[in-house]
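A.B. asks: Sequences and hints are given; from them, build the entire structure.
Each chain is listed here by its residues.
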Amino acid sequence: MLTAILKKIENEKRLGFEDGVNLFKSKDLILLGRIADNIRQKLHPEKIVTFIVDRNINYTNICISRCHFCAFYRELGSPEAYLLSEEELYKKIEETLELGGTQILMQGGLHPDLGINFYEDMLKGIKNRFKIHIHAFSPPEIIHIAGISHLAIKETLKRLKDAGLGSIPGGGAEILVEDLRKKISPVKCTAEEWLQVMKEAHKIGLKSSATMMFGHIESYEDRVNHLLRIRKLQDETGGFIAFIPWTFQSANTKLGGEPVSGFDYLKTLAISRILLDNFRNIQASWVTQGPKVAQIALSFGANDLGSTMIEENVVRAAGACYRMSREEMESLVKDCGFTPVQRDTFYNAIKS
Amino acid sequence: MEIVSTELKDILKKVEKGERLSSDDGIRLFNSKDIFSIGYMANIIRERKNGNIAYFVTNAHINYSNICVNRCQFCAFSKEKDDPGAYSMTIEDILKKGRNFLEQDITEFHIVGGLHPDLPFNYYLEMMTSLKKEFPEIHIQAFTAVEISHLSKIAGLSIRDTLLKLKEAGLGSIPGGGAEVFSSRVRENLCKEKIGKDEWLEVMKSAHEVGIKSNATMLYGHIETVKERVEHLVALRELQDKTGGFQSFIPLAFHPKNTRLDNLSSTTGLDDLKTLAVSRIMLDNFPHIKAFWIMIGTKLAQVSLSFGIDDIDGTVMEEKITHSAGASTAEYISRNNLIRMIKEAGREPVERDTLYNKIKN
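Protein chains in written order, with our numbering: chain V, -18 to 333; chain W, 476 to 836.
Rather than coming from a laboratory, the hints here were simulated on the basis of the structure.
Be a bit skeptical, because a hint or two may be false.
[What the hints assert, rightly or not] Derived DEER-like restraints, expressed as beta-carbon distance ranges:
| hint | chain 1 | residue 1 | chain 2 | residue 2 | range |
| --- | --- | --- | --- | --- | --- |
| 1 | W | 812 | V | 128 | 39 to 45 angstroms |
| 2 | W | 738 | V | 325 | 30 to 36 angstroms |
| 3 | W | 558 | V | 167 | 54 to 60 angstroms |
| 4 | W | 476 | V | 111 | 20 to 26 angstroms |
| 5 | V | 111 | W | 812 | 55 to 61 angstroms |
| 6 | W | 674 | V | 325 | 54 to 60 angstroms |
| 7 | W | 833 | V | 8 | 20 to 26 angstroms |
| 8 | W | 495 | V | 235 | 52 to 58 angstroms |
Glycine included, each C-beta is placed from N, C-alpha and C at the ideal position.
C.D. replies: Set out below in structure tokens:
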């Protein structure tokens, strides 16, 4: 079944939709892994694995989107709802810098009352006080901020960039297939809108990452469609820095169900590496997979271990409980024959 | 496309021809980081022996006592008799525990405990007869070689007679624990009170001779060298040539937490997967290689089904020993989840009894 695909790969021909679906139908984990690893070695011949020291700061959990796969959000007025104060925010950033952090990843719920001025002030406040890269606001947040402030997406992105926004995280992509989004996140932005935000962002020089959340109700065809849509946009803009597939965590969510397996994760990671020929970097998700599978992921196409995650709240709310220190991360990278390298947001090595 | 790298092609040739690997081959495999080459070879043997089947068992663990005269450095479970938290179960406690598991349709009791200084041999015999009387259908896999050796001293009987008495009372088979790593250097450092390689193998040989099947294990990821791992595997392979009484081999990942070796790190995913796969390749006369999900996690256990493994143990209700050492895995997995895990990995789930007969549902 895979012979024709293998031939295409050998001749460095681009794979299409059918090829992608056939790869997903295969159960030959070793073959898929080997192909992905060969591609990864070609792209990254230097024997290194990168990681970033950063902190996830979730400025609020108040959200009007109420996605069925989410265990983090609260409604306005809930006793567990919060919005971080400036002091709390600055304290978290100070701690991040003390630990050698170079970036904060800021994301939050879609707050019903806050307009663009709030976000601009937040960004400027941080930039005036700290030398740190701000990777913030996934497309659903950008669209929400634009809507609430009666601004075009382009204008919103420009103003946020001028206020200090450095790049955009790839969250909220879930699966970029419309019918499916209606079922799992009916209020969240459409697939088209998500792609549009990324396109506008890339155009004005804001780079971003892309993600895929899989292992819920999507089909293999949906996964392939997702991958091909972001590949197409990457052809146009070249603005994606990395791709990060992660698995749906089911605890405490409306969607529920059994969490996706280690087998499916490694397979999906490998196929992502194979299909996304115009993405340079693929990240392993130790937060959802744990250190053991994340280490194996480095043989299945991933060249980056993501963040040390000084703090993470969203995945944790849905039952994942993995923790990893920088030392552990470095030692598991070395154990499989790579040199660990701390990087910045744009995958440049940080000279220590 | 070539899966196996050039450096390991000679070993692949042997594997394809069904030739036995040397100790040097084993050492080369352990020293390689090429997980795909190793996995590919392990999978050839796995599919040759077991096709597409992945076995599991519905079982429950009973740890009758944690009181132990040995002081193994890698153990977080054992207690001295007067320690707070020391316990031993009465026969009635054990039966009660057994009754709790009945609803789950278990087919096996897996019973191991510490080397208790005072419990008489009769206690163990009565444990067997009482369980058999109340649960005649349930197979009893009990007492590692280390316990058997201890019981023979308490009973004042030879190993063979001890085994025969236990068998008569209802013992069905013997688990593979207590093997650790056979190297005398390792044992001198970590578990000097425990029986050595020769005695462990002698107990297993006697068991096989009187018709008691057993498993074998290796506790890896502490102070042992690659060479010592390979020597361990080769010693098991030699005994299996003679008796054919081993059913499965189970590599056990060392868990350092709460042990006297807690300065060591846990095993890595790569080492776990490699150790499972290399065991499959080296132990050409073992029908089954088992991944114990309690120790390496369900995700990796599932992945290992592509790397030589044909058995992922079972529901394991109430595992205590690995959890004393900080295992963060669940203490139980449902039959449905095991089946789902196996199917997702493209294998055919087969529920087995202890002796690898297929259970008809």
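A.B. asks: State for each hint whether it applies.
C.D. replies: Quick rundown of the hints versus the structure:
Separation of residue 812 of chain W from residue 128 of chain V is about 42 angstroms and conforms to the stated range, judged on CB atoms against 39 to 45 angstroms. Taking 30 to 36 angstroms as the suggested C-beta distance range, the pair residue 738 of chain W and residue 325 of chain V conforms, at roughly 34 angstroms. Separated by about 58 angstroms at the C-beta atoms, residue 558 of chain W and residue 167 of chain V satisfy the suggested range of 54 to 60 angstroms. Between residue 476 of chain W and residue 111 of chain V the Cβ separation comes to about 49 angstroms, which falls outside the hinted range of 20 to 26 angstroms.
For residue 111 of chain V and residue 812 of chain W, the Cβ-Cβ distance of about 46 angstroms falls outside the hinted range of 55 to 61 angstroms, so the restraint is violated. A hinted range of 54 to 60 angstroms holds for the C-beta pair residue 674 of chain W and residue 325 of chain V, which are about 59 angstroms apart. The hinted range of 20 to 26 angstroms is satisfied by residue 833 of chain W and residue 8 of chain V, whose Cβ atoms lie roughly 22 angstroms apart. Between residue 495 of chain W and residue 235 of chain V the CB atoms are about 56 angstroms apart, so this pair conforms to the stated range of 52 to 58 angstroms.
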